[in-house]
Amino acid sequence: MAVKNLKCKECSTEYELGASFFCSECFGPLEVVYDYSDLNPEETRRRIQAGTRGIWRYADFLPFEGKAGDPLEPGMTPLIKADRLAERLGTGAEIYIKNDAANPTHSFKDRVVAVAIAKAKELGFETVACASTGNLANAVAAHAAAAGLDSYVFVPANLEEQKLLATDIYGTNLVGVKGNYDDVNRLCTQLADEKPWAFVNVNLRPYYAEGSKTLAYETVEQLGWNLPDRVVAPIASGSLFTKISRGFQEWQEIGLVEGGQPVFHGAQAEGCSPVATAFSEGTRVCRPQKPDTIAKSLAIGDPADGPYAVAQANETGGSIDAVDDDRIREGIRLLAETTGIFTETAGGVTVGVLKKLAERGELKDGEKVVVYITGEGLKTLDANRDSFALTEIDPNPESFESKFGQEVVA
Amino acid sequence: MAVTVKIPTQLRATTGGQADLTAEGATVGEVLDSVFAEYGDLKDRITEDGELRRFVNVYVGGEDIRFGDGLGTPVSDGAEVTILPAVAGG
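Chains as they are written, first to last, in the numbering used here: chain A, 127 to 536; chain B, 30 to 119.
Some hints could be false.
As the list claims (entries may be wrong) - Dumping the calculated SDA-like pairs for lysine to any residue here, alpha-carbon to alpha-carbon at most 20 Å:
1) K321(A) x K72(B)
2) K72(B) x T111(B)
3) K135(A) x V85(B)
4) K321(A) x L40(B)
5) K133(A) x A176(A)
6) K35(B) x D309(A)
7) K72(B) x D309(A)
8) K35(B) x S150(A)
9) K135(A) x Q39(B)
To be verified - FRET-style restraints, in silico, Cβ to Cβ:
10) K35(B) x T409(A): 27 to 37 Å
11) S406(A) x G69(B): 49 to 59 Å
12) D49(B) x Q175(A): 51 to 61 Å
Since the hints were derived computationally from the structure, they do not count as laboratory data.
The beta carbon of each residue, even a glycine, is placed where N, CA and C say it ideally should be.
So that you can see chain B by itself, here it is in the shape it has in the complex (with noise of 0.2 Å):
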């Protein structure tokens, strides 16, 4: 199943400058992983022991994966996956 990673512009150094990614997955850490088996500078910046870092949000459709089942939220074909910064608003 192929969706669509979308990726904010401070972390495009790690993915040669590309916006959007295509990847395989069924849920958000399978997604993520075969992302990370091309871009692996990816890897260590958003996550930490295996886990999405504190102030790393991932939405699929819009919604924080957070109210789903975290990296186990499933996707599905043309999902688009979103990485973004948690520390803005209020």
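The following block holds chain A by itself, in its conformation from the complex (with noise of 0.2 Å):
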């Protein structure tokens, strides 16, 4: 057990293990703190390769102070090399997609949401909760299913019917909040105040936050225990995007793994840019924005971790570019037609902004790049409805023959 205390990002006053997510102090947010200094590297290697398929065998970097885990372990997701892709991009790096619609409720959501389950169920609540542009919606409720917790989910009243579907399934209070993302975010966060809740993305969101460096450890293993080069990830409060990098950042500490911090690209949709218009004017401060983008998973207006992502790109010497919704949708048709996974709109922005570093000549040859791939495309299928083509035909050859101008062979 190497979990040791919350600790403010902004001022550094230390907290307690609790359920509470920002410093009263400054207002600033508050991290998990570990002690890895008992960690042996060769015995925590072995330790991880003889622990469970999932991201429990991270458990050492994982803040439980007793032993955690969950019914519905996600993880170890496919990280597939996409040869095709690199060709179309016309790039001599080398690609690989993080496939994480491989969870158990298709997002890598499911990764966060176990981690901050385990947790609630570890500081006593009955009851979780969450603020939710759809995929955490669908996680929470069905992590909540297996753990047998109560839960609630609020999510936006407009959002995708795949999203709402599959989140109601489960047997949560769905509520539909008349407003966008931001608008439930701060409901939550006055509930939270006032409800005994586990709202994994508020009260329980430094613990939450951690699930993400799951991401990280695995693409280490499955390159053989190597760092990418590269990694373009996409944004929305930005917590994901700067806990990949803490994950690099703390095996790199210990000594699991050698080498420096990949360069970090962000990845946002023109509809919803704080974090890249923040980013290309040169300041950390990200201004909250009215979001009108197809990437609804995406459309965080007032991202809490704006200014680390920020930050992060800076000091990786990379970037945070944004892609309208256009290139979105060219983006996940990209993927789909040279690796054949269907992502959804976030993924299609991630795509996008790849090809556009692609096109500015930013991937090296023989590099490794990792392009994180967040959610599935049956959760978002409307955004690919006007491009899609089917050719009817009567059930004889010469009907096929006529449409396709093939010869029936006898």
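Assembly of the complex is requested from the two constituent chains, each provided in isolation within its own frame, with the hints serving as guidance.
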């Protein structure tokens, strides 16, 4: 057990390991602190390799005082070398797709929720809740059902139908808030202050965010205990982006992997790009925006970790770009056609930015570039409805010939 | 003009335990100043050099004041001003 306490990222005030998320001195975000001084790299590596198949193999780096686990263990999703995608992009870099749609509820949110709900149980909560743009809603409802906890899931009422249906099915209390995600988030921050509930991304946010580090750990293992040279990841609140970096950093500090921090490229949708805008203006201050994009899972206009995401892109020599809705649709199709992976709009944003980086010549020959695909295309079917083509024929060979112009083989 | 200022639990030690304060003012800045006059510790917690701290959000009737005129955002009689931590969500 290496977990120590909570600490303010701004003023370093320390707090006990409870359900709190902001510093009462300066309002800064709290983060989990560990003591890794007892960890021997060789022993730790053996323990990881002998562990479970998913995220619990990284228990040494997760915020639990006792033994943690869950029945729907996410993680160890495929890392696929995408040579045909690299070819289409005209780059000599090695492109790897980390397909996190291959989790129990088809997004990376299973990682953070598995950690948050296990922590909620450790802290004695009986009800869990969240403010969600959709993927989190699916994950909280499912993991709460698996853990036997009651749940309340708050979402913008205008969410994609697939995400609503795939939440309600788990028997949660699904609450559609008339407003955008930032309204939902404000409401949940108020409710978290009054209700004895574990809001996974409000009062349990410091623990929840730790789950994203497992994406970094898996990447290192799947690259044969090596670091990538460059990563491309989507930014909504900025938590995933900064925690992937933290994961790589921890393993370098402990001596589990050699090398330097990869270059970090962030991806946002133009219709909701407070972090990309701050980056391009050379400031860490992210002015809030009213989102208007098909990438609803990234539609956070007031990103909590925005300033840290900007700093990280700058410190690693990376960038934060935004792409418009057409580029997002194009990105979804490009990934599907070259890798067989159908991603949701957030993945379209990430692939769209990857393409932009290739066009700008930022991907170097031979370097390893890992692209984080965080969600499943079946959840945002409407995004590509207009480009859908079905050729109808009569059930006979002549009709097929007349449409497709091929010879019938007798 | 009387408005209600809603104080989150973690800050209620600075307001004698009160969750809702009644204050006067035509703008958010004036309202907060009228509250700070009575509860000086609250001022230190949520402001720095006369500005709101970076991780403090203030809403008037549910709308983030950064979409208005910041501390100059007008408040009408009977409005609700809410102070919340900004580090949630995602």
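How the hints compare with the structure:
Straight-line distance between C-alpha atoms of K321(A) and K72(B) comes to about 27 Å, which puts the hinted pair past the 20 Å bound. As the CA atoms of K72(B) and T111(B) are separated by approximately 15 Å, the hinted pair is consistent with the 20 Å bound. At most 20 Å may separate the alpha-carbon atoms for a hinted pair to count; K135(A) and V85(B) meet this at roughly 15 Å. Proximity of K321(A) to L40(B) is assessed by CA-CA distance (about 17 Å); at most 20 Å being required, the pair is judged to hold.
Between K133(A) and A176(A), the direct Cα distance comes to roughly 31 Å. Violation of the 20 Å bound is thereby established for this hinted pair. Only pairs whose Cα atoms come within 20 Å are accepted, and K35(B) paired with D309(A) is accepted, the gap being roughly 17 Å. Only pairs whose Cα atoms come within 20 Å are accepted, and K72(B) paired with D309(A) is rejected, the gap being roughly 26 Å. Distance hint between K35(B) and S150(A) is fulfilled; the C-alpha atoms sit about 16 Å from each other, no more than 20 Å.
Taking the CA atoms of K135(A) and Q39(B), the gap is about 18 Å. The hint holds against a cut of 20 Å. For K35(B) paired with T409(A), a C-beta distance near 30 Å keeps the hint of 27 to 37 Å intact. At roughly 40 Å, the beta carbons of S406(A) and G69(B) sit outside the given window of 49 to 59 Å. Here the CB-CB span from D49(B) to Q175(A) is close to 56 Å, well matched to the stated 51 to 61 Å.
Hint compliance for this structure: hints 1, 5, 7 and 11 are not met, and every other hint is.
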